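Engineer: Here are the chains, one letter per residue:
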Amino acid sequence: AQSVTQLDSQVPVFEEAPVELRCNYSSSVSVYLFWYVQYPNQGLQLLLKYLSGSTLVKGINGFEAEFNKSQTSFHLRKPSVHISDTAEYFCAVSGGGATNKLIFGTGTLLAVQP
Amino acid sequence: DTAVSQTPKYLVTQMGNDKSIKCEQNLGHDTMYWYKQDSKKFLKIMFSYNNKELIINETVPNRFSPKSPDKAHLNLHINSLELGDSAVYFCASSHAQGYEQYFGPGTRLTVT
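Sequence lines, in order, name chains A and B. For the first sequence, counting from 1, position 22 maps to 22 in our numbering; every step adds exactly one. For the second sequence, counting from 1, position 2 maps to 2 in our numbering; every step adds exactly one.
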């Protein structure tokens with residue numbers, strides 16, 4: 001079975017400061033990892049994904065994440081946040097294949113303050 | 001625009017009623033999904049269809065019945081609505097055997 005843990009339910013940060021949102025996963029099979037962002041009252045938008053290859057993946061809006069197999073982590077980072085980055089961020093894992101269902105973490109609210 | 005669309009965006013109804021939510025994607029994907037997001041924002045898969053065939057059916061009450069008339073559409077019909085069905089329902093799609101899923105804007109269902 002697969003699971004995802006996002007330990008931080010809320011991360012307050014000042015504008016232009018760096019941020020890291022933590023994500024740990026567990027899986028007995030190969031994993032494919034994703035970060036999605038949900039702005040207030042909107043759907044989920046794919047930020048970035050790790051399927052294979054380079055462990056450092058870059059996404060939209062200046063975000064990046066690093067896949068660390070030994071630590072079973074996929075933390076999301078941004079060197080300088082903007083007010084507009086305020087949103088809920090979800091880490092998700094999938095085993096791919098025929099079922100390909102996404103297992104989501106509980107989400108982290110990134111609250112950027114001026 | 002190429003996207004996943006859902007109708008309606010908001011749905012308010014009374015307990016015991018039957019309602020449907022429609023989803024359409026024009027991304028050329030083979031697989032479509034329904035997810036439920038509860039009041040604490042937790043997202044959980046309900047169903048997935050691949051080329052009109054049911055692939056995933058998580059432990060969802062049988063009051064919920066997905067219907068896929070073709071691979072571009074996946075509708076969700078809910079019978080005898082209960083208060084606990086109040087949530088945001090998201091449709092998503094992906095390529096068969098593909099990995100990333102693209103989500104619709106969601107349907108906020110409120111049962112009173």
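By construction, these hints were calculated from the structure, which means they are not laboratory data. Bear in mind that the values here come from a model prediction, so they are computed numbers and not experimental data. Hints may contain errors.
[Claimed, not checked] Derived pair list, reagent style BS3-like, types lysine-lysine, alpha-carbon separation capped at 30 Å:
hint	chain 1	residue 1	chain 2	residue 2
1	B	Lys9	B	Lys36
2	B	Lys40	B	Lys9
3	A	Lys69	A	Lys58
4	B	Lys52	B	Lys71
5	B	Lys19	B	Lys41
6	B	Lys36	A	Lys58
7	B	Lys41	B	Lys71
8	A	Lys58	B	Lys19
9	B	Lys44	B	Lys9
10	A	Lys69	B	Lys22
11	B	Lys9	A	Lys49
12	B	Lys67	B	Lys40
13	B	Lys22	B	Lys9
14	B	Lys40	B	Lys19
15	B	Lys22	A	Lys58
16	B	Lys71	B	Lys22
17	B	Lys19	B	Lys36
18	A	Lys58	B	Lys67
19	A	Lys49	B	Lys19
20	B	Lys71	B	Lys36
21	B	Lys67	B	Lys19
22	B	Lys67	B	Lys41
23	A	Lys69	A	Lys49
24	A	Lys49	B	Lys40
25	B	Lys22	A	Lys49
26	B	Lys71	B	Lys19
27	B	Lys44	B	Lys71
28	B	Lys41	A	Lys69
29	B	Lys67	A	Lys69
30	B	Lys52	B	Lys19
31	B	Lys52	A	Lys58
32	B	Lys71	A	Lys69
33	B	Lys52	B	Lys36
34	B	Lys67	B	Lys9
35	B	Lys67	B	Lys44
36	B	Lys22	B	Lys36
37	B	Lys9	B	Lys71
38	A	Lys49	B	Lys41
39	B	Lys52	B	Lys67
Engineer: Determine for every hint whether it applies to the structure shown.
Structural biologist: Cross-check of the supplied hints:
no., hint, in the structure
1, B:Lys9 - B:Lys36, "14 Å, holds"
2, B:Lys40 - B:Lys9, "19 Å, holds"
3, A:Lys69 - A:Lys58, "17 Å, holds"
4, B:Lys52 - B:Lys71, "6 Å, holds"
5, B:Lys19 - B:Lys41, "22 Å, holds"
6, B:Lys36 - A:Lys58, "28 Å, holds"
7, B:Lys41 - B:Lys71, "28 Å, holds"
8, A:Lys58 - B:Lys19, "41 Å, violated"
9, B:Lys44 - B:Lys9, "19 Å, holds"
10, A:Lys69 - B:Lys22, "39 Å, violated"
11, B:Lys9 - A:Lys49, "28 Å, holds"
12, B:Lys67 - B:Lys40, "27 Å, holds"
13, B:Lys22 - B:Lys9, "10 Å, holds"
14, B:Lys40 - B:Lys19, "23 Å, holds"
15, B:Lys22 - A:Lys58, "33 Å, violated"
16, B:Lys71 - B:Lys22, "13 Å, holds"
17, B:Lys19 - B:Lys36, "15 Å, holds"
18, A:Lys58 - B:Lys67, "37 Å, violated"
19, A:Lys49 - B:Lys19, "35 Å, violated"
20, B:Lys71 - B:Lys36, "21 Å, holds"
21, B:Lys67 - B:Lys19, "13 Å, holds"
22, B:Lys67 - B:Lys41, "25 Å, holds"
23, A:Lys69 - A:Lys49, "15 Å, holds"
24, A:Lys49 - B:Lys40, "24 Å, holds"
25, B:Lys22 - A:Lys49, "28 Å, holds"
26, B:Lys71 - B:Lys19, "22 Å, holds"
27, B:Lys44 - B:Lys71, "22 Å, holds"
28, B:Lys41 - A:Lys69, "27 Å, holds"
29, B:Lys67 - A:Lys69, "39 Å, violated"
30, B:Lys52 - B:Lys19, "21 Å, holds"
31, B:Lys52 - A:Lys58, "34 Å, violated"
32, B:Lys71 - A:Lys69, "35 Å, violated"
33, B:Lys52 - B:Lys36, "20 Å, holds"
34, B:Lys67 - B:Lys9, "19 Å, holds"
35, B:Lys67 - B:Lys44, "19 Å, holds"
36, B:Lys22 - B:Lys36, "14 Å, holds"
37, B:Lys9 - B:Lys71, "21 Å, holds"
38, A:Lys49 - B:Lys41, "21 Å, holds"
39, B:Lys52 - B:Lys67, "8 Å, holds"
Violated hints, in rising order: 8, 10, 15, 18, 19, 29, 31, 32; the structure is consistent with all others.
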